[in-house]
Amino acid sequence: MSEINYLTQEGYDRLTAELDSLKTEGRQKAAAAIAEAREKGDLSENAEYDAAKDAQGMLELKIHTLEKAMANAQVIDVNDLDISKVVILTKVTLKNIKTKKVLTYQLVSESEADLKAKRISVTSPVGKGVLGKAIGDIAIVETPRGNIEFEIIDITI
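Quick note on this note's numbering: the sequence shown kicks off at 960 and runs consecutively.
Hint data in this document are derived by calculation from the structure and do not stem from the laboratory.
The beta carbon of each residue, even a glycine, is placed where N, CA and C say it ideally should be.
Derived lysine-lysine pairs resembling BS3-like cross-links, with alpha carbons at most 30 Å apart: (1) K1044 - K1057; (2) K1027 - K1050; (3) K1021 - K1077; (4) K1060 - K1077; (5) K1077 - K1044; (6) K1050 - K1087; (7) K1060 - K1075; (8) K1060 - K1044.
Simulated restraints on C-beta separations: (9) I1116 - T975: 20 to 30 Å; (10) M1029 - A990: 18 to 28 Å; (11) G1095 - G1016: 44 to 54 Å; (12) N1038 - M1017: 36 to 46 Å.
Using the sequences and the accompanying hints, generate a full structural model.
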């Protein structure tokens, strides 16, 4: 049984649009590339045909991966979240105990993670470390350079 893929409505809509695009335009482009390469003659020595078939295989793999993610998707309404503890879709403000630097991240699923937008995956080291913690708790995050301690300063939606 596969793991549930928790998504925001925005994330679910984005994945749905991407899947629809790959199934329509993506497959049409792949078929056209194969047809064009096939017209160039002997398929046994046609590198362009091999490349087009490989691209089609990668496209189908991506479609399969997205379909699997969508099959296990569960959309979470942020209004139903209990923010007494850090859970998926909450924004958590952390203070590094050693450096006193304050950071704010939103915990999201792997498919929605974007570090530039300060959205980190619940399966990342920081995500794992803070999940389930309450305001005032100390979260220990395991990193290759050793453990880092963060104090949970705030939890919001």
